[in-house]
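Undergrad: All chains, please: the whole structure from these sequences, using the hints.
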Amino acid sequence: MALRKAGAGGSLPLLMAAVAALLVAGVAVAAKFDDVVQPSWANDHMVYDGDLLKLRLDSNSGGGFVSKNKFLYGRASADLKLVPGDSAGVVTAFYLSSAGDTHNEFDFEFLGNVTGEPYLVQTNLYIEGVGNREQRIDLWFDPTADFHTYAVLWNPSQVVFMVDDTPIRVYENKNATTTTGGKGHHHRNATYDSAVPPMAVYSSIWNADDWATQGGRVKTDWSHAPFEVTFREVRVDGCAWAPNATDSDAGEVRRCTESSYGKEGRYWWKEKEMEELTVHQSHQLVWARAHHLVYDYCVDTDRFPVQPPECAGR
Numbered sequence: 000m001a002l003r004k005a006g007a008g009g010s011l012p013l014l015m016a017a018v019a020a021l022l023v024a025g026v027a028v029a030a031k032f033d034d035v036v037q038p039s040w041a042n043d044h045m046v047y048d049g050d051l052l053k054l055r056l057d058s059n060s061g062g063g064f065v066s067k068n069k070f071l072y073g074r075a076s077a078d079l080k081l082v083p084g085d086s087a088g089v090v091t092a093f094y095l096s097s098a099g100d101t102h103n104e105f106d107f108e109f110l111g112n113v114t115g116e117p118y119l120v121q122t123n124l125y126i127e128g129v130g131n132r133e134q135r136i137d138l139w140f141d142p143t144a145d146f147h148t149y150a151v152l153w154n155p156s157q158v159v160f161m162v163d164d165t166p167i168r169v170y171e172n173k174n175a176t177t178t179t180g181g182k183g184h185h186h187r188n189a190t191y192d193s194a195v196p197p198m199a200v201y202s203s204i205w206n207a208d209d210w211a212t213q214g215g216r217v218k219t220d221w222s223h224a225p226f227e228v229t230f231r232e233v234r235v236d237g238c239a240w241a242p243n244a245t246d247s248d249a250g251e252v253r254r255c256t257e258s259s260y261g262k263e264g265r266y267w268w269k270e271k272e273m274e275e276l277t278v279h280q281s282h283q284l285v286w287a288r289a290h291h292l293v294y295d296y297c298v299d300t301d302r303f304p305v306q307p308p309e310c311a312g313r
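With numbering that gives the first Met the number 0, the residue at position 44 of the sequence shown is 43, and numbering never jumps.
Just so you know, these hints were derived from the structure itself, not from any lab. Please note that the accuracy of each hint is not assured.
Stated by the list, open to error - Below, a list of computed lysine-lysine pairs in the DSBU-like style, where the Cα atoms sit at most 35 Å apart:
hint, residue 1, residue 2
1, K218, K53
2, K80, K31
3, K67, K269
4, K31, K67
5, K80, K53
6, K271, K67
7, K67, K53
8, K31, K53
9, K271, K31
10, K80, K218
11, K67, K80
12, K269, K31
13, K53, K269
14, K269, K80
15, K271, K80
TA: Written out as structure tokens, the structure reads:
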């Protein structure tokens with residue numbers, strides 16, 4: 000009997016230690032995301048699940064998060080797994096945006112679909128408040144079965160959308176100095192101005208059944224709710240803007256554009272080799288567009304009887 004009591008008494012510290020370890024692990028997991036992002040709306044629809052973060056959509060609300068810092072140039076990426084099953088009408092977005100009516104914005108939008116139909120990934124860019132630059136691809140894998148990395152690289156020369164490091168779209172800076180006929184230059188398909196303001200990183204999930212699936216013909220089936228998109232990691236490697244600086248702060252502009260170094264370390268995204276795609280990346284881009292591009296605003300003559308100027312020559 001004494002031995003059993005000793006055993007029971009000895010297990011209590013072990014149990015407490017195990018509980019403490021779980022709590023510490025939970026804090027560490029939360030910190031992995033909390034160091035980078037915070038809820039932007041519907042806080043209760045941003046949910047921690049083990050070492051994962053989920054955004055949830057139900058009939059009451061969607062949810063979203065925003066980065067704690069703004070950045071001028073760099074790379075923003077998310078390892079995420081999309082809503083499985085019947086996700087018609089549901090849109091998940093991962094994007095960068097500056098503030099104001101004349102904002103710049105670089106978007107990934109994942110358009111849900113009925114069970115068995117492929118997800119479509121829409122990319123779009125707003126330049127000085129003007130969008131309508133949509134392109135759509137289907138994916139070469141099931142984005143609901145496992146995590147994949149979706150990233151936006153933006154620097155003074157170009158914006159590159161990537162899926163698992165494969166470029167799917169390149170958007171060039173019309174004011175950047177480039178070499179005609181360079182390694183990736185001929186694949187670029189539109190331009191943005193060099194005066195890019197600092198941008199925050201966002202993600203959200205919401206109901207868009209008025210347009211998202213088959214042009215709005217298929218509506219959200221709320222019997223499948225809640226719909227959840229799952230994040231394994233969110234990363235931003237860029238020039239972090241000073242928290243109290245205005246978006247046009249001259250000192251911050253100089254720090255992030257005129258120098259290759261800063262308090263964050265070397266600004267690798269400004270290196271010469273980042274001004275355009277490598278030969279391998281150019282081949283990847285050609286492959287992705289040849290086999291998976293399903294819509295390009297540049298060739299939509301119904302919407303644009305006069306081709307947008309950035310599409311000239313395509």
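Undergrad: Hint by hint, note whether the structure agrees.
TA: Status of each hint after checking the structure:
no.: 1; hint: K218 / K53; result: holds, 23 Å
no.: 2; hint: K80 / K31; result: holds, 18 Å
no.: 3; hint: K67 / K269; result: holds, 23 Å
no.: 4; hint: K31 / K67; result: holds, 13 Å
no.: 5; hint: K80 / K53; result: holds, 10 Å
no.: 6; hint: K271 / K67; result: holds, 29 Å
no.: 7; hint: K67 / K53; result: holds, 18 Å
no.: 8; hint: K31 / K53; result: holds, 14 Å
no.: 9; hint: K271 / K31; result: holds, 32 Å
no.: 10; hint: K80 / K218; result: holds, 22 Å
no.: 11; hint: K67 / K80; result: holds, 23 Å
no.: 12; hint: K269 / K31; result: holds, 27 Å
no.: 13; hint: K53 / K269; result: holds, 33 Å
no.: 14; hint: K269 / K80; result: holds, 30 Å
no.: 15; hint: K271 / K80; result: holds, 33 Å
Checked against the numbered hints given earlier, the structure satisfies every one of them.
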